[in-house]
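Those protein sequences? They're chains A and B, same order as listed. Using the numbering used here, the first residue of the first sequence is number 1, and each one after it goes up by one. Using the numbering used here, the first residue of the second sequence is number 116, and each one after it goes up by one.
In case anyone wonders, no lab produced these hints; they're calculated from the structure. In this text the structure is predicted, and so the values were computed from the model without any measurement. A couple of the hints might just be wrong.
Far from chain B, some chain A residues (derived; all Cβ distances over 10 Å) [said to hold, decoys possible]:
#, residue
1, 12
2, 13
3, 18
4, 24
5, 27
6, 28
7, 61
8, 62
9, 66
10, 68
11, 76
12, 83
13, 86
14, 96
15, 113
Label-pair restraints from in silico Cβ distances [claimed, not checked]:
#, chain 1, residue 1, chain 2, residue 2, range
16, B, 160, A, 10, 19 to 29 Å
17, A, 83, B, 131, 39 to 49 Å
18, A, 22, B, 156, 17 to 27 Å
Only part of the chain A face toward chain B is listed, based on derived beta-carbon distances under 8 Å [stated by the list, open to error]:
#, residue
19, 33
20, 103
21, 106
All C-beta atoms, glycine included, are put in the ideal place defined by N, C-alpha and C.
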Amino acid sequence: NAGVMQNPRHLVRRRGQEARLRCSPMKGHSHVYWYRQLPEEGLKFMVYLQKENIIDESGMPKERFSAEFPKEGPSILRIQQVVRGDSAAYFCASSPLRGGNTEAFFGQGTRLTVV
Amino acid sequence: SQQGEEDPQALSIQEGENATMNCSYKTSINNLQWYRQNSGRGLVHLILIRSNEREKHSGRLRVTLDTSKKSSSLLITASRAADTASYFCATDGVGETSGSRLTFGEGTQLTVNP
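With the rest of the complex left out, here is chain B (with noise of 0.2 Å):
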């Protein structure tokens, strides 16, 4: 496997419902970002966990971080429709060279049925 693999790859859920996604990745990181892509659009930032953080908030947004298990989830709460979209883990190596660059999952899409 590769770094920063989410799973699951596809996730269809009911509006109100909670949605959670998991990201795995294989070597130290500084911080680990979660993205999301509407289809055919770029991606927009959703949130940042440093390697020091256990647990992020923002809005409906929950993201954990577990360092020793090199993993990550996210939570959405209360989905909506148009949280329908493609979502990804992206990590920064450590060092000199690999922490120029994020390294992205293949990414999870979620379907929110309205």
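Next up, chain A with everything else stripped away, as it sits in the complex (with noise of 0.2 Å):
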């Protein structure tokens, strides 16, 4: 059983460009949730989402962020017109069931670099 996937590792995009960041759950698992890293800093929830819902997207920045779970592949966060405070690392987390009631497992990270 593969653990939680995101690809790419690393990625640089120039500012106005846009991101795409992919996460694979663990199979079985249908709550995702989205996290991002600055450097020196714990993580910071943006969105969670169940197969083709959002269910909680109180920390994703109001412009240019969005966030996917379709039925079918990967969850997606898209950030458009990327700008230099996106550099972030981006982390994805799958669980079983909702929230903090059981362990999350998290991928491991998609290094935004804007240039």
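Got two chains here, separate frames each, mind docking them using the hints?
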């Protein structure tokens, strides 16, 4: 049973371009969470999704950021018109149950660098 | 201060010594979890302690939870160089919406010197 798979591991984008980050949850997990980690800081919650539904997006910036978890395929975190401040590590986690009621399994992250 | 704060921010010890890290939080929780993150890597789950539990053990790890003080501690006994990493506590809140996410502290950077 493969763990949470994120790709790419590293992504470099120029200012104004779009970044698409992918996350395949563990098999059997229908709950996906995205977190952002700035250097030397802890993880900050962005969005919680179940298949085809956004459950909690209270941590998502209002503009340029969007997330989806389609019926088929990975969850996608999309950042439009990236700016230098978007440079961070983006982690995806999945769990079989909701929220903190059970262990969340994290992927290795995607490190986004905006130049 | 914010939910899930760890102290100390950095801890340097010798191999074989014990390492204690503390975490404080502000709101009511269902559970508290500890994670480890090696430099440049993802998070590895260490242990989950529920709000009705006071202490939990897993191998060389001992976690305590004091809900009256809204604090938790992580003790690593007989530390090894391989324990060098950042350690984060994460809490989930009580409630329909807040229970869906984990709130992480800023982490404690542990260095175990050989």
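Now the hints, each set against the structure:
1. 12: The claim holds: residue 12 of chain A sits with its nearest Cβ about 16 Å from chain B, beyond 10 Å.
2. 13: Answer for residue 13 of chain A: holds, closest chain B Cβ roughly 19 Å.
3. 18: At roughly 24 Å from the nearest Cβ of chain B, residue 18 of chain A sits farther out than 10 Å, so the non-interface label holds.
4. 24: With a cut-off of 10 Å, residue 24 of chain A remains clear of chain B, as the shortest Cβ separation is near 14 Å.
5. 27: holds, 17 Å
6. 28: With a cut-off of 10 Å, residue 28 of chain A remains clear of chain B, as the shortest Cβ separation is near 17 Å.
7. 61: holds, 16 Å
8. 62: Per Cβ check, residue 62 of chain A is outside 10 Å of chain B; nearest 17 Å; holds.
9. 66: Residue 66 of chain A clear of chain B: closest Cβ-Cβ about 18 Å, beyond 10 Å.
10. 68: holds, 17 Å
11. 76: holds, 18 Å
12. 83: holds, 23 Å
13. 86: The claim holds: residue 86 of chain A sits with its nearest Cβ about 19 Å from chain B, beyond 10 Å.
14. 96: holds, 13 Å
15. 113: holds, 13 Å
16. B/160 x A/10: 19 to 29 Å: With a Cβ separation near 24 Å, residue 160 of chain B and residue 10 of chain A satisfy 19 to 29 Å, so the hint holds.
17. A/83 x B/131: 39 to 49 Å: holds, 47 Å
18. A/22 x B/156: 17 to 27 Å: Since the Cβ atoms of residue 22 of chain A and residue 156 of chain B sit about 18 Å apart, the hinted range of 17 to 27 Å holds.
19. 33: holds, 7 Å
20. 103: holds, 5 Å
21. 106: holds, 4 Å
Of the numbered hints given earlier, the model fails none.
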